[in-house]
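Student: With the hints as constraints, model all of the structure from the sequences given.
Chains A and B supply the protein sequences, listed in that same order. Residues 111 to 368 in my numbering are what the first sequence spells out, letter by letter. Residues 9 to 380 in my numbering are what the second sequence spells out, letter by letter.
Hint data in this document are derived by calculation from the structure and do not stem from the laboratory. Treat the hints loosely; a few may be bogus.
[As the list claims (entries may be wrong)] Restraint ranges, calculated between C-beta atoms of paired labels, are given here:
#1 B:R14 / A:G256: 43 to 49 Å
#2 A:H221 / B:R161: 19 to 25 Å
#3 A:H221 / B:R14: 21 to 27 Å
#4 B:I146 / A:L188: 56 to 62 Å
#5 A:T248 / B:A32: 32 to 38 Å
#6 A:P347 / B:R161: 51 to 57 Å
#7 B:L87 / A:R125: 50 to 56 Å
#8 B:L135 / A:A291: 31 to 37 Å
#9 A:T248 / B:G103: 21 to 27 Å
On a predicted model such as this, the values are computed, not experimentally measured, just so you know. Where is the CB? At the ideal position from N, CA and C, for every residue including glycine.
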Amino acid sequence: MSGAPVIELDAIVTRFGTQTVHDGVSFSLPRGQIAALIGGSGSGKSVLLREIIGLHRPTSGSVRLLGTDVWSAPEEELAVLRRRFGMLFQDGALFSSLTVAQNVATPLIEHARVPAHLLGPLVRLRIALAGLPVEAATKMPSELSGGMRKRAAVARALALEPEVLFLDEPTSGLDPITARAFDRLLRFLCDDLGLTILVVTHDLDTLLGIVDRTIVLADGKVIADGPVKEIMRVDDPWLQSYFRVRTMLEGPEMNRGT
Amino acid sequence: MSASARDCWLEQADGQDTLFLAGAWHLPRIARIDAALAAAGIPASALVLDGAALTALDTAAALALLRRIGAAAASVARLENFSVSHLRVIEAVLGRLGDIGVEAARPRHGWLAVLGMHVLDFRGLMLSHLDFLGRSAIALGDAALRPRALRLRELAAQFHHVCVEAIPVVVLVTFLIGVVLAYLFGMQAEKYGANIFVVDGVAIGTTRELSPIIVAIIVAGRSGAAFTAQLGTMVLTEEIDAIRTLGLSPMQVLVIPRLLALVVALPLLVFVGDVSSLAGAMTVANPLLDITPTAFIDRVHWGLQLQHVIVGLTKAAVFAVFIAIIGCRMGMSVSRDSRSIGISTTSTVVQCIVSVILLDAFFAIVFQELGY
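Tutor: Shown next, in the form of structure tokens:
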């Protein structure tokens, strides 16, 4: 199963008009890890994510996802590829006219020939795997809380048993307790179901808690790449101030504890 | 069939049934796997599962396996020769099997219950329209007492959208209606040599009935729908809540300007429609009925009493109140998802058109009885 990297970016350059967002971004990601993409506002994290999954064409450079070149492969190959990854958009992007169960069933009905007697249980299994109670299945997205909506979106992203899961700021707008539970869900998906996960995040607790590897974007380049503990020691003004916020907040707490 | 082509098979040794699993057990092959499990004939006993020959196992396939075992009233005694990752997948599904057994169905209702719910919904809708009308009246009174509360800039902007921008479509439609009416009346009247009465017919018919109704329907489709969509989106983006929290009244800021703009605009548009439909009739009257423009205008002067025009314009003002109230109320009351905006907008247009036609029928009787 392991071996070739799941995601390979090579010299990605992105320009919007005269503004250069990415100026040669390259990294590769092995299977079975949770990697986080961090960077200041406007550093192009979300754009990079959209380039990896084929929603936004980079100005130059290549993206290989699960061995397929996203920006030069024929449409049939891309259609196969799209079933092999899942994407969690920032606000969930659930179809608001369908119940949670119907949302999860949509990709299954479209792309997998599931025997009729298995469809219902399979949908409910996805919902349970995403950590939602079974009652949520018949609710409309508008009847769910923010955290539950994100879990429902995870259930939909998991529908086709993807090998890779992309998440755009999954814990933003969630309270810390819900956010940590969401982190544990990601860890479970990676460890027990063997997913490779790339998450764009601002959440330091996510970084310190569950992420195997952190990739830092700044000035259009990858300025640091490795485990969080190493990243924290990198001498970069943005990174230093990013982690300093944490030390400032936790400093007194830690002193009291010891 | 060779063993390698099979997905699963049973073997019995020392009274112990063992189910061997082989190959890629994943979602793309789920239908085959499920059929293979059904064909394997799982006995109602404690099974040993052997996963030595599995190349892939995902949660969908694990679910199919565990459900088939459950359906056969069998149980899993032991898992043998599974890889660690496959064991984790089975455990993840096994741990949630209890949660997913029951299908929580949405309640279904009989037709009588559905009818009853619709009647209650309709009653609720009417009551809330009435409530909204009342609150609009209070806000209007408030604005009359404190003219500073009136949002003049918003009023002007709304008037521009509702009236000025609607003029081209109103002119076009009513002009064509005038043409068609003059043509149809003319064909009949010509038989009796009563050409000149076509002018009376068109003038009275359009100013009193057709122009108000058609312009009101155009405005209901344009502005009523726009009010609902605008206010509905503002509910969705919490702008209306923001207005409330800033200590402003959404009624004053949003509803009253729209209501006033429409009440002024609709009679004006109807008047534009009156003139335009007469112009349409006049254009065809000359070549078709030998009525020169001079004779046409002269006849309008004699044949069209002012009261017909006034009746038409009065009706228009009342239609405007209904369209504005329905449009704004439906917008303010959307629930917070994108689907409900579409539903509310559709509902607004339907309600506006139905109420315009009902009101028109009501006015036809009342004005007749009053002798106008």
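Student: Would you mind marking each hint as holding or not holding in the structure?
Tutor: Tested hints:
At roughly 47 Å, the beta carbons of R14 (chain B) and G256 (chain A) sit within the given window of 43 to 49 Å. Checking the proposed 19 to 25 Å range against H221 (chain A) and R161 (chain B) shows it is violated: the Cβ atoms sit about 52 Å from each other. Judged by the Cβ atoms, the range 21 to 27 Å given for H221 (chain A) and R14 (chain B) holds: they are separated by roughly 26 Å. At roughly 59 Å, the beta carbons of I146 (chain B) and L188 (chain A) sit within the given window of 56 to 62 Å.
Restraint check, T248 (chain A) to A32 (chain B): a C-beta distance of roughly 33 Å satisfies the suggested window 32 to 38 Å. A C-beta distance of roughly 46 Å is found between P347 (chain A) and R161 (chain B), which places it outside the suggested range of 51 to 57 Å. Take L87 (chain B) and R125 (chain A): their Cβ atoms lie about 54 Å apart, and the range 50 to 56 Å holds. Restraint check, L135 (chain B) to A291 (chain A): a C-beta distance of roughly 43 Å breaks the suggested window 31 to 37 Å.
The beta-carbon spacing between T248 (chain A) and G103 (chain B), approximately 22 Å, falls within the hinted interval of 21 to 27 Å.
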